[in-house]
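Undergrad: Here is what each chain is made of, one letter per residue.
2 protein chains.
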Amino acid sequence: MTPTTIVAVSIEPFDVALTESFGIAGGAHAIAKNVLFRVRLANGSEGIGEAAPLPAFNGETQALAETALRTLEPLLVGKDLRAWRPLVEATREAVSVASARCAAETALLDGLLRHQQLSMHTYFGGAETSLRSDVTLPTGSVERIREVMPQWQKLGFSTIKIKVGGSSVDDDLARLRVLAEVAPEVAIIADANAGLTEDEARRFVRELRQANLSLALFEQPVAKDDLDGLCAVSREGVRVAADESAWSLASVATLLQKKAVDVVNIKLMKTGLEEARAIVALVRAHGGSLMIGGMVESSLAIATSAAFAGGLGGFAFVDLDTPLFFTESRFEGGYTLEGPTLRLDPEAFGHGVRPRVGRVAPPA
Amino acid sequence: MTPTTIVAVSIEPFDVALTESFGIAGGAHAIAKNVLFRVRLANGSEGIGEAAPLPAFNGETQALAETALRTLEPLLVGKDLRAWRPLVEATREAVSVASARCAAETALLDGLLRHQQLSMHTYFGGAETSLRSDVTLPTGSVERIREVMPQWQKLGFSTIKIKVGGSSVDDDLARLRVLAEVAPEVAIIADANAGLTEDEARRFVRELRQANLSLALFEQPVAKDDLDGLCAVSREGVRVAADESAWSLASVATLLQKKAVDVVNIKLMKTGLEEARAIVALVRAHGGSLMIGGMVESSLAIATSAAFAGGLGGFAFVDLDTPLFFTESRFEGGYTLEGPTLRLDPEAFGHGVRPRVGRVAPPA
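Those protein sequence lines, which keep their order, are chains A and B.
To get this note's numbering, take the position in the first sequence, counting from 1, and add 188.
To get this note's numbering, take the position in the second sequence, counting from 1, and add 188.
In case anyone wonders, no lab produced these hints; they're calculated from the structure.
Some hints could be false.
Since the list gives no way to pick out one identical chain from another, each pair is judged satisfied if it fits inside one copy or across any two copies.
What the hints assert, rightly or not - Simulated crosslink set (SDA-like; lysine to any residue; CA at most 25 angstroms straight-line):
| # | residue 1 | residue 2 |
| --- | --- | --- |
| 1 | Lys447 | Val374 |
| 2 | Lys412 | Arg258 |
| 3 | Lys446 | Trp435 |
| 4 | Lys267 | Gly501 |
| 5 | Lys412 | Ser402 |
| 6 | Lys267 | Gly502 |
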């Protein structure tokens, strides 16, 4: 048996209450229900990855992710991790739950890189050692915006992402007006999570313009498959990002070929790491811009995305804020947070994240 | 200064006579005129890469590659190799000669991986530890085919690539008939290197069919920019590969979107490693097939391509035969050759190739 042979895997669902209900157009969640996946090697080293299924985003659930990950043990145990790509491909063939695929791929790559004492940040290219994230205002009331903005401003956030499409366009317009009133200095990203019709989205953009409000970015205004709608909103003169519509390399190729959007929001929970890496190259080859985002992810998945985006470099939009909404940290390491800034560690092994002692059970 | 700081680079042109003139549709070369590029790190370790410019393929020359590589010293010396992606991007912005870009990127990645004691094969995924190559019959006479085929058959080659388009279609048809007569057991790839018109290419396919001869693959029958011609040849019922037409990630995206070809020939000398890696993912996402090829490359560049293709896995066509045409080996390591089979070493550091002592000068 080689030192890099996988001897055990473990699957540990974990729930963390959020500081406030995280609402998007498709629904709201008060608790993050994620899954930790570990692989242990013969030499005692370990790789870990997180599945962060988000029912309101695409219907994936903790139960689906957990069930999917449980099927992987016979595919992985006994295999040499140096042949990691066939293992990643085997997991992708075995399970269709994207967040479970991402957890497995993350754990495999992390295990290999820890063994090699190489940081995931250097593996992906070592380009940038810090990233500046936005912070999110979930769907909700005008009053809630007035309540929470002072703390985000005090922490130094200069880009605010506001979730829209959860109620009427008029309600959202009112929320945008209040946001611009209380924080005139910030750049605003509106994210409809596929919750608007083309007409609603175009009206939203036009009324904002009439109110002298400008969006830095309008994310996924219309339904996932409505590429004509994305094109139509782009023609309104606002930068548009695809998120739900950019769910695979092939879907991004189609978006770029149709020139439907200017920006692609890359989330490892949609595609895993290798496919996301190819999406980055493809978007760049077409002159598009990059965003890195996440589901409702703990610092484990966020550190992975930060190593990915910082290593590759050149991401124009960074949306890695969800650990700010977690009431407790199950993990430590990977990056340090200074207000909106994630500082990465090029000297870490793998993504550098460890479960906090006593917070998550060790592998069986 | 960190251990991974680049302290020196060197550029060493080297010429190697070939065992026979290597003829393709665009011209023939009796001598390989390539360039060795090295980066030396503060800790004494080194990374090396080869530029194999091929004038008959795309007009690149040894002088162009050498001049391009000489401009890179101020961009690289003093930089930390852990931030390798910005260095690769800087070299790509500084020089447009694709083979020089490939040499620089190879040397940078090799240097990093040697420092980390990680093989390039494992870095790319560790999928397959051996590759089975075809061997090439350059343009030339019918008699030459009768002369050389016995040695290739004795060595066990089961796929023969024959260069066509260098003279008339009738001459090439005669060469194909002789090849099929002396080696009825082999699979045949015809490679026109963009040397035929659409009409010529279609006639070639039809006359072969009338003679009961089938091609395993027809590579780049028509001009680089003639995508309609590629489509037309594909409609003749033969598998078509793009080579000259597949010169970048964006060009491959267009080929796939037009469904112009079934197979993409990936050559690191066209795109470098990172762009090639994204091309592999894109071709797979569209259900296409992969070929790995090269220019007239020594074992240094071939070992790099072998680590790439073997690491990624799943290449349906392997065309890594050019070291067989070199009258001497300037390098050692990287892989071992058993007839048509390249055996890779997952335990190597980097691509594992070293200059043979006394054969290439050390860096200044």
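Undergrad: Decide, hint by hint, whether the structure agrees.
TA: Hint-by-hint comparison with the structure:
1. Taking CA atoms no more than 25 angstroms apart as the test, Lys447 paired with Val374 passes in neither setting, with 28 angstroms inside one copy and 45 angstroms between copies.
2. When the C-alpha separation of Lys412 and Arg258 is checked against a cutoff of 25 angstroms, the pair qualifies neither within a copy, at 29 angstroms, nor between copies, at 49 angstroms.
3. Proximity of Lys446 to Trp435 under the C-alpha cut-off of 25 angstroms is found in both arrangements, the shortest distances being 16 angstroms within a copy and 22 angstroms between copies.
4. Within a single copy, Lys267 and Gly501 get their C-alpha atoms only as close as 33 angstroms, which misses the 25 angstroms cut-off; across copies the closest is 17 angstroms, which meets it.
5. Taking CA atoms no more than 25 angstroms apart as the test, Lys412 paired with Ser402 passes inside one copy only; the shortest distance there is 24 angstroms, against 44 angstroms between copies.
6. In this homomeric assembly, Lys267 and Gly502 come within 25 angstroms of each other (Cα to Cα) only across copies, at 19 angstroms, whereas the closest approach inside a single copy is 36 angstroms.
In summary, the numbered hints that this structure violates are 1, 2.
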